[in-house]
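Novice: Residues per chain are reported as follows:
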Amino acid sequence: MSALLSMEGVRKTYNTGSIAVDALRGVNLTVDAGDYVAIMGPSGSGKSTLMHIIGCLDVPTAGRYELDGVDVSSMTEKDLADVRNRKLGFVFQSFNLLHSLTALRNVELPLVYAGVNPGERRERALLALDRVGLAERVNHRPGELSGGQQQRVSVARALVTDPALILADEPTGNLDSVSTRDILALFDELTAAGRTIVMITHEHDVAERAKRTVHIYDGLLTDDAPLAGASR
Amino acid sequence: MMDWKETVRTAIDALNARRMRSALTMLGILIGIAAVMLTVGLGQGAQTSITNQINSLGSNMIIVTPSQTTGSSGFRGGSTVTTLTTRDAAMLADPSVAPSVAAVAPTSSSQAALQSSTTTWTSTVVGTVPDWLSVRARTVETGRFFTSDEVNSSANVAVIGATTSSELFDTASPIGQTMTVGGQPFTVIGVLATAGSSLSSNEDDTVVVPSTTFAARLSTSDNAISVSSIYLQATDAESLSAAYQEVKTALLSAHGVTATTADFTVSTQAALVEAATSMTGVLTALLGGIAAISLLVGGIGVMNIMLVSVSERVREIGLRKALGATPSVIRRQFLVEAGILGMLGGLLGIGLGFLGSAILSPLLSITVEISWVATLLALGVSLAIGLVAGVYPATRAAKLAPIDALRSE
Chain A
7 MSALLSMEGV RKTYNTGSIA VDALRGVNLT VDAGDYVAIM GPSGSGKSTL MHIIGCLDVP
67 TAGRYELDGV DVSSMTEKDL ADVRNRKLGF VFQSFNLLHS LTALRNVELP LVYAGVNPGE
127 RRERALLALD RVGLAERVNH RPGELSGGQQ QRVSVARALV TDPALILADE PTGNLDSVST
187 RDILALFDEL TAAGRTIVMI THEHDVAERA KRTVHIYDGL LTDDAPLAGA SR
Chain B
3 MMDWKETVRT AIDALNARRM RSALTMLGIL IGIAAVMLTV GLGQGAQTSI TNQINSLGSN
63 MIIVTPSQTT GSSGFRGGST VTTLTTRDAA MLADPSVAPS VAAVAPTSSS QAALQSSTTT
123 WTSTVVGTVP DWLSVRARTV ETGRFFTSDE VNSSANVAVI GATTSSELFD TASPIGQTMT
183 VGGQPFTVIG VLATAGSSLS SNEDDTVVVP STTFAARLST SDNAISVSSI YLQATDAESL
243 SAAYQEVKTA LLSAHGVTAT TADFTVSTQA ALVEAATSMT GVLTALLGGI AAISLLVGGI
303 GVMNIMLVSV SERVREIGLR KALGATPSVI RRQFLVEAGI LGMLGGLLGI GLGFLGSAIL
363 SPLLSITVEI SWVATLLALG VSLAIGLVAG VYPATRAAKL APIDALRSE
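First to last, the sequence lines map onto chains A and B.
Residue numbering for the first sequence follows my numbering, starting at 7 and increasing by one per position.
Residue numbering for the second sequence follows my numbering, starting at 3 and increasing by one per position.
Only chain A is shown next, with the shape it has when bound in the complex (with noise of 0.2 angstroms):
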């Protein structure tokens, strides 16, 4: 298989008035297509910087970062979004649903950016929301509808734009046991469809669920192994 993203020696700093904190400290990552991989760490590993930039949302000071094919590591914020557009789809911890518009409205949102269509938009939407089991919630808002059911309203917003990577933070964080599993399992069915995915958790019995699970303490990758232990 061949990598869908590899990072090589990447390397992130934060200059936060005089004093230069060393987020990252030369990670390097090969995630192949159709993999999925759990990234885990405590709070202050790294953890977040490193969702960041395999997300596209914020650029490596060193280091090397190819996603499908392009090297994303120097590019414009205008080219970032583009990329971001493209090749990522993202579930948040907290949904991030635009409580003003309607579960579809939400879904066809980053086919809005790319520039679809509104009648290829809609169907698209359509068939996305019928994946995750929210056919007959297409018209709700976010605030009648239950956690589990809002997540997998991201997770179709996710699934629209036939992403390369599946990028989900904390995905379960919010939520309570029964909708935890739903995801889940949604999450398996995409893997098994031949998805690739990369979740970021602190959770053990969540990340059992990945194929491959990687561990990041103090801005460098540990291990790259199944899972290790009890947690901290």
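Honestly, the hints are just simulated from the structure, not real lab data.
The structure presented is a predicted model; accordingly, all values stated were derived computationally and were not measured.
One should not assume that every hint holds.
Below are the DSSO-like pairs computed for lysine-lysine, each with C-alpha atoms no more than 27 angstroms apart in a straight line [claimed, not checked]:
(1) 401(B) to 7(B)
(2) 250(B) to 84(A)
(3) 84(A) to 401(B)
Covered, in the sense of this in silico footprint (three residues per stretch, anywhere, with C-beta under 8 angstroms from a C-beta of chain B), are these stretches of chain A [claimed, not checked]:
(4) 26-39
(5) 81-91
(6) 98-105
Idealized CB from N, CA, C, for every residue including glycine.
We have chain A already, so just place chain B on it with the hints.
Specialist: Structure of chain B alone, referenced to chain A:
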């Protein structure tokens, strides 16, 4: 790239989600636009009305009025000495002195009590000559005006205005009726056609009598030949300024004074119009300026609310960026929102302006003149104000880093 239709739809959704705030923000622009439209419209209306009134006094007219002179007693206006006389009028009527003058009407006036057989009334009595009719561009509706012979013989005849006629004689024909003016009996020989009200007096409420009769029987002045003003008519519009110079030069030399010590003032109708126009123009500009400041304040309101909107919607902006919105798309979205606020406010303001003009025109008896050019300009200005006010907030939104935007919970 996101199309315009979608951008406008998104902007309307966002404004609609904060209806109360959007409405209040628009109110600022609305009041500003309506205020500018109404003040400028009122100014234009007042100008037209004043110009019409001055023009209705006559055509190609020159007016000579006495200046108050400082008497020997040393204080001004202590005894108003009228420095113009019928002799001045006779001189100006001489074609060799003032060839550009077509007609001269020396005029004196005073308030007097009138009495018909049934009722009493008070009106302005004017003593003048037959030329008054043409100089003042008046016509006789019924009956006739008095003649030069009647002036020479100091006949007790009077021509009255339409209002005076209806007050004294109601609907009966006043021609041939007798009335008293200041206790003196007069025979009514004619009624003037209506002229409408002017700045200072009602031109239809007047009694016109021969100048000699006025001087002999009605004047309060001890100088029988003095007049309160001399109305002159130039032969045509082109000779107006020539006539003005002739009149001025002739009077200066006749009175033995220089331009700086002149005891009279010569003004043309055009000069009066110009003076009135410049006065109302200044007033209009002043009021319009104050109204424009309220529009500016409205614009600042739009900017303020857009800034609040940007900081409130940091997460939304971050999410949109994560989903692929480029900085320019975000900037455009906020600019369109601000532009819509401005333009909707402007449209509603224009509506209020028209409503206000419909209400104010009859109340102030001045037609509020709202021009379409000004209205379209107002719409353009309100859109521009919205856009300009939106630039800074929109740029701030566009510059937000997606991670900072997503992080703020």
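Novice: Against each hint, give a clear statement of whether it holds in the structure.
Specialist: We went through each hint and held it up to the structure:
1. 401(B) to 7(B): holds, 24 angstroms
2. 250(B) to 84(A): The hint is violated at about 78 angstroms.
3. 84(A) to 401(B): With Cα atoms ~11 angstroms apart, residue 84(A) and residue 401(B) stay inside 27 angstroms; holds.
4. 26-39: violated (count 0)
5. 81-91: Since three or more residues must qualify, the claim that chain B covers the segment 81-91 of chain A holds, with 6 doing so at under 8 angstroms.
6. 98-105: holds (count 4)
In terms of the numbered hints stated before, the structure departs from hints 2 and 4, listed from lowest to highest.
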